[in-house]
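Enquirer: Dock chain B against chain A, hints included.
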Amino acid sequence: MEKSLSSGVFVKPIAKDAQTEADIPAGYGRTESYLLPKDPAWLFLFWEITSGTLDFLRGQYGADTLNNARTIIRLHDVTDVPMFNGTNSVCYYDMPVIFEARSWYINAPQSGRSYVADLGYLTTDGQFILVSRSNVTSLPPGKISDIIDDKWMIVEGDFQKLLKLAGADYIGMGASERMQVIGQRWKLTELTPSGAPSSWSSFALHLDKVQEDEDIWLKADCEIIIYGSASKNAIVSINGQDIELKEGKFSIRQHLPAGSVVDLPIHARNAKNDKHRHINIKALREQGK
Amino acid sequence: MGQEKGYLALVLHAHLPFIKHPEYPDFLEEDWFYEAMVETYIPLLNVFENLTEEGTDFRLTMTLTPPLCNMMEDPLLIDRFAHYLNQRVELSQKELNRTQGTEFEGVARMYFNKFRRYQDLFENRYHRHVLQGFKKFQDMGKLEIITCCATHGYLPLMVHKESVNAQIKIAANDYRSRFGKSPRGIWLAECAYNPGDDKFLRDEGIRFFFTEAHGILHGTPRPKYGIYAPVNCPQTGLAAFARDMESAQQVWSAESGYPGDPRYREFYRDLGYDLDYDYIKPYLHSDGVRRNIGMKYHKITGKVALNQKQAYDPYAAREVAAEHAGNFMFNRQKQIEYLSTIIDRKPLVVSMYDAELYGHWWYEGIEFLEFLFKKIYYDQNDIKLITPSEYLAMYPQNQVVQPSMSSWGDKGYHDVWLNSGNDWIYRHLIKSSERMMELANKFPNADGLLRRALNQLARELVLMQSSDWAFLMTTGTAKEYSTKRTKDHIKRFNELYEQVQGNRINEAYVYDLEQRDSIFQQIDYNVYSSASKEAVLSKY
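The listed protein sequences correspond, in order, to chains A and B. Quick note on this note's numbering: the first sequence kicks off at 424 and runs consecutively. Quick note on this note's numbering: the second sequence kicks off at 2 and runs consecutively.
Only chain A is shown next, with the shape it has when bound in the complex (with noise of 0.2 Å):
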C-alpha cells in the first residue's frame, strides 16, 4: 500500500555517515557539540555523544532517572555575557530533542544576539544534567540599526533614498540567479545537448520565488523534519526505504521544493514480517503565485 502512495522521494537515512560513508569516520569518539550560524533566525547546532557519556551519567544519576527524563536543547541567549557557567545566561529556551538525530536546526528566538547551546536531559522534577555544551555563537541582526552616529548624522529622507538605491528591500535576492549561473559553469564538462538550457536568458530559478515587483515580494523556502521511535526489535522503514534506528529512534530531514507533494509512509514490521504498523504522513507545498 506505501509503495503505491509513495511519490518517489528519495529519503536518506540520518544515520548516512555510518551507512553509505564508512570510508569517513561516523564520529570521533568523544563527546562534543558545535553550533554554527546559518542566517538571522537560525543555527545549526550537531554533536557526538559517546556511549561513555552515557554510561557515567547513568552511573551519577540512576537508569530510571535517565530513563524518564526528556532530551532537550538548552539554548542559552548569552548576549555579553563574559564568561558564562551555565546559569548565567540572560535567558534559556527548552526544545525537545533526540540525540540520535546528531544534528539540528535551530530557530533562534531572536536575530542579533549570541547563543550556547547545552545538550542535558531535564528529569521529572525539572533537574537539567548537561551532556554536552556547544560553542558560543552570534546571529547577525538581519535588519537596519537603530543607532545613529553623531558625528556622521544624515536626514532620515536622504538615508531613506539611500537604501532604495542601495536595494535594501532586495537583500540576498538576486544571488540566486547568479549562484545558477555559478552553477552551470561547473557543470560544463558534463553537459549533453539534450540536457542543457537553450540559451542565457533560459535560466529557470529553482527556488520559489514569487513575482519580484516593486511593491512586494516574497520568499520561503521548506524542510520538514520527521522523528519518531519504535520498539527495539522493528525494523522501519520510511517510504520504502529502510532506516536505522538508534536506540529505538529515529529522525530525518527532507527539502520539500514548491510545487511537490511528499508522501512518508512509516512503516514498522517485525523480524519476522508477520506484524505491521503504518502511519502516514504526507506534505504538500503548493507553487507559488
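One side only, chain A facing chain B, incomplete, derived with CB under 7 Å:
1) ILE447
2) LYS461
3) ASP462
4) PHE469
5) SER568
6) ASP572
7) TRP575
8) ILE577
9) ASP581
10) GLY590
11) ALA591
None of these hints come from the bench; they were simulated from the model. Ideal Cβ positions, reconstructed from N, Cα and C, are used throughout, including at glycine.
Expert: Then chain B, alone, in the frame of chain A:
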C-alpha cells in the same frame, strides 16, 4: 581630486578551486582551469596590453585567489594547458579551410586569430608565467591585485579562530611570494564576513575587504553614506567596501542582463557536438566522449532550440558589446549624479563580479570591459575609475561602523554552504581543524619526515575547507566530484593524523600526497599552533 563627480571601482574575483590530478593522464575537471585561462585570464591580460599600448589609462581591482595562483604556477598544469592551447590553435587553423566560403568563415577566423594571439602572449611574452603579466600591471599602478582566503575557506563557519587565522596567513604569505609585497586588500571567500575576523586581516597588513550590500547597510551604527563610501571597522580600522546591487543586476539579471542579447554567442551550441566524430576526436578527452571544446559558431538568436540557432557574427556582437558598455557607463553617470545630490562627498560605486563571468560565460564580456575602459577614459568626465587603495588615500577618514555578518550567497547569509545537503561536512572540517591544532602544539619544532607529514596535514585541511565543495553540493552540479574531494581530504587527513600519532609515518604515503595535493609548497604547519594565535590576539 579632479572635476569628476564620483568614482567607480570595478572588482573582478578570479577563482577556481585547486584541481590537479597527476594520477590521470587527463582529467575532466582540470578543464575548468584551462577554459578559464584561454577565455578569461589571458584575454584580460590582452586587454591590459592593448590599453597600455594605445595609452588608455584604466583602473581595475582583481582577486587572484591563492589556489588559482598555485595552479597558474604549477608545472604539470601549465604543461597540460600549453598542450590544450596548442590544440585550439591547431583545430582553429583546420577550421579556416573547412569553413571557407560558408557563413562560419568569420567566426572561424576570429577563433584562429584569438588563439594565436593568446598563445603568443602565453609563450613569448609571459614565458608561461601569466602571474608575471598581472604583476606587471599591478606594478604600473593600473591593476590592484588582492588576495582571498587561502583555499576560499568559508570563515563564518569556522569555529576555531586558528583556522581563520591560518586561512589568512597562508594566503598573505603566498601573495608575498608571488607579488613581492603584502596584500592591501582581500576578497573574503563568498564575501562572507564574520565580525571580529578583521583582526586576522590586519595582522597581515591588509587594509580593506569587501562585503555584500547588507554587510554595511545592517552595520552598527547606521552607515551615513549607505554603501557609497567605505566604513572603518571598530578596533582594527580596516575599511569595508560594499557591493553595489544596481550595477551588479545590470550584468547578472537573467531577464534583463546584457549577456542574454540574441546577438551574443550561444554558450551551449559547441563544435564538440557539431563536428564529424573522427575530425573532432583528437580534441576530445581520451575517453572519446563528445563534450564542449570551447569553440562555438552560433549566436543566442532567441528562445529557439539549439539546432535553430543562427550563425554568430563576431563583428555584430562586438558592436553590441560597445553599445552595452556605453549603456553601463551612462547608468553609472546617472547613478553618481543622483547620489551626489544626496551625500556630501564624492560617491563611490563598487561593482563586483566573478571574473569568469567575463569571457567564459559572457563571451563578449571581455570586449565589453575594453570598451568600458576606453569610454570612461575618453568620452566623459563625470566618473573616474579608482582602486580601493587610491580611494582610501583620498579619504582616509571614514565612519566607524561594525559591519554585519553577511555573505553574497543566496539569501545573504550561510544557507548555500550550510543546509541539509552539505551540513555533514562541518563535523569533519571542525574536528580536523582541532586535530591540526593539537599536533601543531604537540610538535612545535618538527623536522624531517615528521615536518613533511605535518605540513601535508595542513594542506589536506585547507583543501577540505574550500567553500567550493559545499557550494557545488548545493547547486547539484559536479556534486559527485565535490563530495569525493571533501571525503578524500578528510580520509587523507585522518590517515596521516593516525600515522603521526602512532609514530609510524609512511614516507611513501606522504610523498604521494605531496604530489597530488601540492598546493602551498611553502606552508608551515606552525600557523596552527596556539602560540601563533596568541601572538595575534595579544595585540588587541
